[in-house]
Amino acid sequence: DTGVSQDPRHKITKRGQNVTFRCDPISEHNRLYWYRQTLGQGPEFLTYFQNEAQLEKSRLLSDRFSAERPKGSFSTLEIQRTEQGDSAMYLCASSFAGTNYGYTFGSGTRLTVV
Amino acid sequence: KQEVTQIPAALSVPEGENLVLNCSFTDSAIYNLQWFRQDPGKGLTSLLLIQSSQREQTSGRLNASLDKSSGRSTLYIAASQPGDSATYLCADTTSHNTDKLIFGTGTRLQVFP
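Those protein sequence lines, which keep their order, are chains A and B. Take the first sequence: its position 15, counting from 1, is numbered 15 in our numbering, and each next residue is one higher. Take the second sequence: its position 24, counting from 1, is numbered 1024 in our numbering, and each next residue is one higher.
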């Protein structure tokens, strides 16, 4: 297990198109998080899962955004009808609840909406 | 609502200098605090994690301290090197239940030879 993997690394899409990102967490980790980071800012929390249950969603996650973790392993984040304001780095992270080991982040997916 | 602030926003130092990065948070009821490094266009690498019951953590040339009463954490980098050039982010979590991180905006560090 080499860490948290995100795919694709980069995505350029036209405004109005739908996009989907994938995250594969560290296999032993039961928590999975999505964050969004815009240029010059720190990451902002979007949502998190414990196993397959989505337990919290930020107000940033509009109804155009949906995230799933169907079998408690990998997760997908879909953005429908993309807008230019969706352009950002989308970061995935995983952790194991109840430990003090902290987070492991993936390398992120850079989305550019043109 | 927890807010995390980092100063300075940017720092440029010559190689070999010792330096301190500052992080402040408004809610002292934190569960833990982490420092991360981010290289341009890349994800985050965890550097140090300090539990709320701890005062500091050390890893190599890095030392992070935590003072909950004053709402501050510092990251000390000894004998800085050009390879330390990156953005350094602090983040805390106020809930054991979610481990949700609240990030500062980061300090962009450049170490020149």
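It is worth saying that the hints were derived from the structure and are not from the lab. A hint or two may mislead.
Unchecked claim - In silico DSSO-like cross-links for lysine-lysine, where the CA-CA straight-line distance does not exceed 27 Å: (1) B:K1068 with B:K1001; (2) A:K71 with B:K1068; (3) A:K57 with A:K11; (4) A:K57 with A:K14; (5) A:K14 with A:K71; (6) A:K11 with B:K1068; (7) A:K57 with A:K71; (8) B:K1042 with A:K57; (9) B:K1042 with A:K14.
Legend entry - Those earlier numbered hints the structure runs against, lowest number first: Per hint list: 2, 5 and 6 violated.
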